[in-house]
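Take a look at the letters that make up each chain.
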Amino acid sequence: MFGYLGNLDSSLFDDFRRVQREMDELLAGAPWPSGIRAVARGTYPPVNIGSTADRVDIYVFAAGIDPKTLDIAIQQNLLTVAGERKLATAEGVNYYRKERFDGAFRRVVTLPDDVDPDKVDARYRDGVLHISVRRRESAKPRQIEVK
Amino acid sequence: MSETKGVTQKAAKAVREAQEKERAIRPAVDIFEDAAGITLQADMPGVARERLDVQIDGDSLSIEGTAEIPMPEGMNALYADVRSTRYQRSFSLSSELDTDNVEANLKDGVLTLRIPKRAEHQPRKIEVRAQ
Numbered sequence: 004m005f006g007y008l009g010n011l012d013s014s015l016f017d018d019f020r021r022v023q024r025e026m027d028e029l030l031a032g033a034p035w036p037s038g039i040r041a042v043a044r045g046t047y048p049p050v051n052i053g054s055t056a057d058r059v060d061i062y063v064f065a066a067g068i069d070p071k072t073l074d075i076a077i078q079q080n081l082l083t084v085a086g087e088r089k090l091a092t093a094e095g096v097n098y099y100r101k102e103r104f105d106g107a108f109r110r111v112v113t114l115p116d117d118v119d120p121d122k123v124d125a126r127y128r129d130g131v132l133h134i135s136v137r138r139r140e141s142a143k144p145r146q147i148e149v150k
Numbered sequence: 010m011s012e013t014k015g016v017t018q019k020a021a022k023a024v025r026e027a028q029e030k031e032r033a034i035r036p037a038v039d040i041f042e043d044a045a046g047i048t049l050q051a052d053m054p055g056v057a058r059e060r061l062d063v064q065i066d067g068d069s070l071s072i073e074g075t076a077e078i079p080m081p082e083g084m085n086a087l088y089a090d091v092r093s094t095r096y097q098r099s100f101s102l103s104s105e106l107d108t109d110n111v112e113a114n115l116k117d118g119v120l121t122l123r124i125p126k127r128a129e130h131q132p133r134k135i136e137v138r139a140q
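Which chain is which? The protein sequence lines are A and B, in order. In this text, residue positions in the first sequence follow this note's numbering: the first is 4, and each later residue adds one. In this text, residue positions in the second sequence follow this note's numbering: the first is 10, and each later residue adds one.
Bound conformation, chain A alone (with noise of 0.2 Å):
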């Protein structure tokens, strides 16, 4: 019982998500600013950016791309990922979809102030490109003892 009434709340605040996304797409001329690196909603490829005390984690969801072919670059903070996803395309059949993103990629993302641009580690596993930049020691937070 109590299940559901709980699963009838996160399904409201699934619909505020939904709200707030429609409102996002509908106010896309909104007074506001936004982001000025900010792209669309559904550039390829989708991009996530965590954040932890001591790293900053990128996870670019790319598959079936041969890691070799990627370029990947970080200039202070800004870090930038271009590649390129040939896919074959078989001749002489009938297409009934096409989806899939083709072609030359760039994307260029925004990290905190204070990630250190040396200490960089990237890795591709599964059609995800993980890719874990440390951040300076001075940014993490310390422990003030009080004398």
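In case anyone wonders, no lab produced these hints; they're calculated from the structure. Note that the Cβ used here is the ideal one computed from N, Cα and C, for glycine as well.
Computed footprint of chain B on chain A, listed as stretches where at least three residues anywhere in the stretch have a Cβ under 8 Å from a Cβ of chain B: (1) 86-95; (2) 99-109; (3) 129-141.
For chain A, the structure is supplied; the task is to place chain B on it using the hints.
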């Protein structure tokens, strides 16, 4: 009383399933057909082979997968294009497709399904003999 409980549970289950469906990502697909069968390719980044589930039940094909992404403890999301780790999409198949001989292959997050046509539906070349 117990019947009411059963109905409530059933409703709760339906609500949960509907929510999960709403939360799942619809993977982008390419579908093309040649003389011998249909090929379907789906982008499911983050899904490993063990977390992929392709099911054929009668004439319905269902693709499901869960992305497993290593994330450090206590991570704060700064930005997220992807808000779910579940992929789900289904298709209905037609009777000339040979559902017993479907081949599935998953590489770098791309699922490739090859669904051949039944032997009697494969094209046959008819030779015209010269007189």
